[in-house]
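**Student:** Sequence:
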Amino acid sequence: MDYTKTVVITGASRGIGKATVEVFARQGYNVLINFNKSEKDAIALYESLKEKEFSVKLFKTDISKRTEVNAMIKFCVNEFGTIDVLVNNAGICQEKLFIDITDEDWDRMININLKSVFFCTQEVLKYMIPQKKGKIINISSIWGMVGASCEVHYSTAKAGVIGLTKALAKELGPSNIQVNCIAPGIIQTDMLSSYNQEQLNMLRENTPLMRLGSPIDIAMCTFFLASQHADFITGQIISPNGGFVI
Numbered sequence: 022m023d024y025t026k027t028v029v030i031t032g033a034s035r036g037i038g039k040a041t042v043e044v045f046a047r048q049g050y051n052v053l054i055n056f057n058k059s060e061k062d063a064i065a066l067y068e069s070l071k072e073k074e075f076s077v078k079l080f081k082t083d084i085s086k087r088t089e090v091n092a093m094i095k096f097c098v099n100e101f102g103t104i105d106v107l108v109n110n111a112g113i114c115q116e117k118l119f120i121d122i123t124d125e126d127w128d129r130m131i132n133i134n135l136k137s138v139f140f141c142t143q144e145v146l147k148y149m150i151p152q153k154k155g156k157i158i159n160i161s162s163i164w165g166m167v168g169a170s171c172e173v174h175y176s177t178a179k180a181g182v183i184g185l186t187k188a189l190a191k192e193l194g195p196s197n198i199q200v201n202c203i204a205p206g207i208i209q210t211d212m213l214s215s216y217n218q219e220q221l222n223m224l225r226e227n228t229p230l231m232r233l234g235s236p237i238d239i240a241m242c243t244f245f246l247a248s249q250h251a252d253f254i255t256g257q258i259i260s261p262n263g264g265f266v267i
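To convert, take the position in the sequence shown, counting from 1, and add 21; that gives this note's numbering.
Hints in this document: simulated from the structure, not taken from any laboratory. Misleading hints may appear alongside valid ones.
[Claimed, not checked] Lysine-lysine pairs mimicking DSSO-like chemistry, simulated, CA-CA at most 30 Å apart:
id, residue 1, residue 2
1, Lys26, Lys117
2, Lys154, Lys61
3, Lys61, Lys136
4, Lys73, Lys136
5, Lys187, Lys117
6, Lys95, Lys58
7, Lys154, Lys26
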């Protein structure tokens with residue numbers, strides 16, 4: 022297989038990130054798999070893809086820290102030569118009454134879900150702008166579009182990702198760099214681990230397509246935005262949510 026393009030995927034060890042890694046690897050990309058705490062899952066994913074002779078590398082990074090992000094991007098360029106696609110997928114969630122959110126809760130949510138997008142994107146642009154091409158795909162949430170009760174800090178961070186996407190798309194258009202955002206609906210990942218079966222059934226019933234999303238639904242949307250078929254799409258918020266938000 023001719024590996025000519027490179028993608029960096031943050032938060033890539035589980036859920037949406039893992040599915041996205043697998044899609045890009047199978048399509049012939051060099052893939053940098055970023056992880057922080059889920060080392061066991063990341064290593065298992067890496068080894069499974071290496072066994073199939075896909076071009077993948079693994080890098081542990083706290084993406085809320087600029088120095089670590091810079092080291093990751095430099096490693097990627099040293100290994101693969103350049104970066105064509107950045108998928109800002111890493112994120113955390115927390116359910117909490119607004120009046121109970123602590124300063125630490127707020128800062129952690131913003132740092133991991135929003136500030137990391139700033140760090141990662143700014144660093145890859147050092148390579149994308151000179152080459153006059155690139156794709157940046159940010160993973161937000163429907164709650165960044167419409168807000169979620171008891172998730173104000175999460176909704177705020179994800180809304181920030183949407184705002185960043187729109188503004189940056191305008192700024193980078195002349196450099197032939199497309200910046201888009203995916204705002205997933207209710208997806209079956211570890212983020213739903215606190216929900217019981219009755220709550221999950223209620224979410225399904227409130228989704229017109231009568232099912233929850235899967236990580237592959239988001240991964241395929243991400244790959245489309247990274248492809249040449251999306252070269253005239255920029256600054257857009259695409260929300261695969263089964264009709265949950267219309």
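**Student:** Against which earlier hints does the structure fall short, listed by number upward?
**Tutor:** 1, 2, 4
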